[in-house]
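Given only the sequences and the hints, what does the whole structure look like? Please build it.
Next come the chains, spelled out residue by residue.
Number of protein chains: 2
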Amino acid sequence: MLAALGIQRVTVYKKPIIGIISTGDEIVPVGEVPGPGRIRDINTYTLSGLIQESGATTEQFGIVHDDYKALLAKSSRALNQCDMVLVSGGSSVGARDFTIDVISAMQAAAILFHGISISPGKPTILARIKNKAFWGLPGHVVSAMIVFSRIVKPFIEHISGYRAPEKDLRLTARLSRNLASAQGRVDYIRVRLYHKEGILWAEPILGKSGLINTMVKADGLIEIGMNTEGLEKGAEVEVIAL
Amino acid sequence: MLAALGIQRVTVYKKPIIGIISTGDEIVPVGEVPGPGRIRDINTYTLSGLIQESGATTEQFGIVHDDYKALLAKSSRALNQCDMVLVSGGSSVGARDFTIDVISAMQAAAILFHGISISPGKPTILARIKNKAFWGLPGHVVSAMIVFSRIVKPFIEHISGYRAPEKDLRLTARLSRNLASAQGRVDYIRVRLYHKEGILWAEPILGKSGLINTMVKADGLIEIGMNTEGLEKGAEVEVIAL
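Same order as they appear, the protein sequences are chains X and V. Under the working numbering, think of the first position of the first sequence as 80, with each following residue one higher. Under the working numbering, think of the first position of the second sequence as 80, with each following residue one higher.
No wet-lab data here; the hints were simulated from the structure. All clues given are correct.
Identical copies look the same in the list; a pair holds intra-copy or inter-copy alike.
Each computed DSSO-like pair below joins lysine-lysine, with the alpha-carbon atoms no more than 27 Å apart:
1. Lys-296 x Lys-94
2. Lys-296 x Lys-93
3. Lys-246 x Lys-232
4. Lys-201 x Lys-211
Next comes the structure, spelled out in structure tokens:
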């Protein structure tokens, strides 16, 4: 349309640059063989992919051990270089979770929330530091991905200038088995879709939130609301495409 | 998943480079004011956008007038530099349509088809030149876009290594008015979607195939099969998302 009208220049929003930091003593670089109790750094790559799909660009800051000073230094550098920062891991309240301490130590920092009523994804932090968003995401890869898709992504779309963000693609399917759910929080259940006798079925994929293969298998998520105790086999559900 | 398994290198298909040539005495560059009977070069930009959405990269070769020698020279250069070439305009059978002549003049060239039973989009050419695909697309922007989405895009996905191409996203809607259609060809009708009283309606957007604004307004296409004479208001239709 712009070409037809001869408009060769338009003002656009700059693509935001999103910094990614992966923290945890248990994280080793992808090129290393993880010893007992260690795991390769998956989050840097899954988050980079999701950020690029959201239309933003990424800058990777690598792995930081559970070390307050190191995390503070790396976080300050990332905030200087980027428009927004994601730290995966260290967002909970344990003795080795330093994200909150790091935020508190920064100038002009305000913690907007710490902990949200969703599962997986509870230990999520959002802080405003000067005029930038600084996120603490859960370290488990499935939790980090779900928090990203449901919460961080609309935020990136907003700072990218979308004023009417794309709605999620949702498909209606029937649940293949009973599903329990705790009240008082929103549950996101990974599901695989399949057709059988003309009906689209959603089959829950169970597995711990550290298992990336469950996300590889999943086609989408079911959202079970705060006031729902569970869903019965055969119930009509909306599946949010992943 | 690859990060989790420590696989740092995988063999992938190279992104194909698709050359674009826009032909026609009536076409002027976007920066010029078109005189009577002239039009700005829209196709270079719409096709570039569609190609990039398909996961390929583009190389733009600009505008060629209705001149056999100039088109032959530019086409040879594009074929040397690219994995596939699209020429928009000049694909019909008029005195000023040189694409077929250019193909016939090239070594190791075979015309696979010239003319297809779809509307809009009839004057479409596919030739194999050595081991590359060379396409003649209609000059009207809507025709070129529809031929691209329905025919060229799956071809690009194939040479990009997709063996199970993404299926089109299709939504079920009801037609807002009667629609006539000629037998013996597949018709693609541009439609706008809207919700009214809980029903998703598809409203045909009528307009000549040179009008880019009809594609800007359209959310998708309805495909009316060869053996269908038309559709009635209220009929259930599948809308292929654009």
